[in-house]
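Q: Residue numbers (my numbering), protein chains in the order written: chain A, 1 to 367; chain B, 1 to 481.
Don't take each hint at face value.
Stated by the list, open to error - Each pair of labels, with its calculated beta carbon distance range: (1) 479/B x 57/A: 53 to 59 Å; (2) 314/B x 146/A: 32 to 38 Å; (3) 118/A x 301/B: 31 to 37 Å; (4) 80/A x 314/B: 34 to 40 Å; (5) 153/B x 34/A: 45 to 51 Å; (6) 183/B x 214/A: 25 to 31 Å; (7) 218/B x 92/A: 29 to 35 Å; (8) 278/B x 34/A: 54 to 60 Å.
Keep in mind the hints are simulated off the structure, nothing from the lab. From the three backbone atoms N, C-alpha and C, an ideal C-beta is built for every residue, glycine too.
Here is what each chain is made of, one letter per residue.
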Amino acid sequence: MISKRTGGWLSFILVNGALAIMVLLWTVPTFGLFISSFRPKEEILTTGWWTVFPHKEWVKVEELRAKDLNLDTKGEMTIAGVTGTFKEFREGIETPDGKRVKWIGNRRLGRIEIQEYKWTVNWNFTLENYRQVLMGKEIEIKKPDGSVEVIPGENFIGSFLNSVAVAIPSTVIPILIAAFAAYGFAWMQFSGKRLFFILVVALLVVPLQIALVPILRDYAKLNINGTFLAIWLAHTGFGLPLAVYLLFNYISTLPRETLESAFIDGASHFTVFTRLVLPLSVPALASFAIFQFLWVWNDYLVALIFLGGNKENQVLTMHLANLVGSRGNDWHLLTAGAFVTMLLPLIIFFSLQRYFIRGLLAGSVKG
Amino acid sequence: MRKQYLMIVALLLVAVLALAACGGGTATEAPKPTEAPATQAPAQPTEAPAEPTQAPEPTEAPAMEKTGFEWLDRAYAGEFAGTTVTLLGVMVDEEAKKMEMAVKPFEEATGIDVQYTGTKEFETQINVRVDAGDAPDVVDFPQPGLLSVFASQGKVVDVSTFMNMDKLKANYKQSWLDMATLPGPDGNPIMAGVWHRTAGKSYIWYPKKAFDEAGYQVPTTWDELMALTQQIADDGDTAWCIGIESGAATGWVATDWIENLMLRTTTPENYDKWVAGELPFQSPEVKRAAQLMADIWLNEDYVYGGREGIVSTFIGDAPAPMFQDPPACWFHAQAPWITGFFPEGTEPGVDYDFFVMPPVDEEYGVPILVAGDIMAMFNDRPEVRALMEYFATGAGVEQWVKAGGAISPHNDSSLDWYTNDIDRRVAQSILEAKTVRFDASDLMPAEVGTGAFWKAMTDWISGSIDLDTALKEIDEAWPKE
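Chain A with its partners taken away, still in its complex shape:
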């Protein structure tokens, strides 16, 4: 590993340094979000998440009431041994011994703080954000007689289960269909094969947004708007072109000899597909499954259009969007909400991770 040549060292440092910087750039915002999700609302609104690390800051050590000092705020004032005008005190004047005298507020209500530049940490953590995201907010309604009625807000369980119910079939159905199609395109002979394949690939560039209204119109006729079936079909349709293309790339590079010997032994296409092609293409299937699952899980627009009319089938992204309130007054909850919604995709990703790289490289080296 360790090369004695300086050139080797240099490239080692360059490559790894660049990688480290990229990893840092990508993870720091996520890390900040993670820390923020444990901070109380007031602190999220007033200070940055990085203040949880030890840092130097002006900290109040003594407070004087401006009124008691009988100062002339229009001219020069002498407070705690330093002299300056009101404006200068508002900015803060440093004393020779390293302290700072600062006027907080205006001339009428002001107070004077003597501050020291000290190491501090801002360690005030809470699970409240997560509690509100998971269990639902408590909405307080004041009654005419002065009592307060507490109504539980929407909790997270329902939309989580809905998201699962949407995402799993929307992942599995396109994979099954695409695997059949990819096998057909790769190993079966029929007229117009090339044309059909080009058609499928061409569909990759069609933005799904233009299909929303026509599909919704058909769904309205079939009376399946707002149902899971509607969104499964939509996601299947939108996911198929990429799935077929990706799986075709992999399946067409499977060793010809293996399949041909199976055919010579009298195997039908179906047998070859189920006994040979499917098991051999698991890396490609798994990597596409991750893609599709993440896309469906994070999808907001498609769910909004096809499930939006039915409150009972609301998915997580919709729940998360509504969590901030009509005017966005609870946006601090998005921090915790983001991590809760990330959990399942992370689990899926890590459990299928070993296929992921292999699948992405599908067909690239096999020739």
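Please build the complex by placing chain B on the supplied structure of chain A, with the hints as guidance.
A: Only chain B this time, still in chain A's reference frame:
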């Protein structure tokens, strides 16, 4: 290894079959009534894990007195029990709960299930669903401008075709009815909806406790307000907290200011002309309003954070410095919903309070700028008619008013319903005002009202264009006949 792969595939297959099986059940039962009697018989109540919405049963329907609305009376008699009406609006979370509270008495008395869905992407959803012929039965529009688009396309049901108009006229001030009257598909005016809630927008909030302690007096004229603003600047603070950042809607706070000042510096007739596009933005009237606003907004000594602060501060975060100890700013102009952003534990009347934006020119008095939510109907069925008539009565919003946060525009509502002082005083100010006008940008065509007006104001405040250019740009954006 191969066995393992097969296992995974098999498991996935089983999963999809299982889901397809149990999903199939859910799939067939569209959002349909749960206990429809004769009409349709849906399979079973949805077993969605979301909170169970119990089908309201017409149990002990009390002998309702006649409301004068035909369909509502028939609904109260139990005629439409078991049907469902879908309702779409922008209220989510807490406000969604209050919306549900508002329709609850209707559900209990009639046995009609009102399914309210709130969305953060209202415009996207309503446009797509109406286009696709899948419109919700009733839609709560926060802006009549958007509703007028659907009215002119002929998608909205004219409520005057079935509603008792005498009763409706008795229940609203004429100006509300005028604002609900929009051009239909053939150009003839139709009654496109009924007003459900309103909100005043001419209020200035201040940190009462510190304000009193500092010895400041609530100003009663514009001159006093400007004098106090200067006084506060002399005392070392910036008087105003202003923030207009609101994502794609950035700039609407500035339009509210212009509208408020227009009402205070010119006649209501001129204001109406301005809304209709007959008085251009480049006219001296609009320019004067903008200049009065600029006296505060563009003076770095008057606004917390200066003009850069204005354009980059989120509307909800803007009032935060007012609640520092001692306050870093003293005034914030906004509709009463802003109190939802005030820090927890602050008490109205103790920690903060409000006054109506004072008059500029004596002769125009203290006008109130309002906005409101209008209910429009997209599908014509008896139970939908009944719900629309319910919204046309004070009872349709009573529970929300009592829960706080809504003002009723109906004549048959009572000031006693308001449980908190702020709401009651806001309602009173609207009732007492000689001039009440609706938010102009909500009424103007969308190209202007929710487009050029917002954008030009933002550009002007941020300093990238001057006032004349901004006003010219808005005039040019006005749709050509």
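Q: Please go over all the hints and tell whether each is borne out by the structure.
A: These are the hints, each one checked on the structure:
For residue 479/B paired with residue 57/A, a C-beta distance near 55 Å keeps the hint of 53 to 59 Å intact. A C-beta distance of roughly 33 Å is found between residue 314/B and residue 146/A, which places it inside the suggested range of 32 to 38 Å. Between residue 118/A and residue 301/B, the C-beta spacing of about 33 Å keeps the proposed range 31 to 37 Å intact. For the hinted restraint 34 to 40 Å between residue 80/A and residue 314/B, the CB-CB distance of approximately 38 Å keeps it satisfied.
Checked against the hint of 45 to 51 Å, the C-beta distance between residue 153/B and residue 34/A comes to roughly 47 Å, which is consistent with it. Residue 183/B and residue 214/A have their C-beta atoms about 29 Å apart, which keeps the hinted 25 to 31 Å range intact. Checking the proposed 29 to 35 Å range against residue 218/B and residue 92/A shows it holds: the Cβ atoms sit about 33 Å from each other. For the hinted restraint 54 to 60 Å between residue 278/B and residue 34/A, the CB-CB distance of approximately 56 Å keeps it satisfied.
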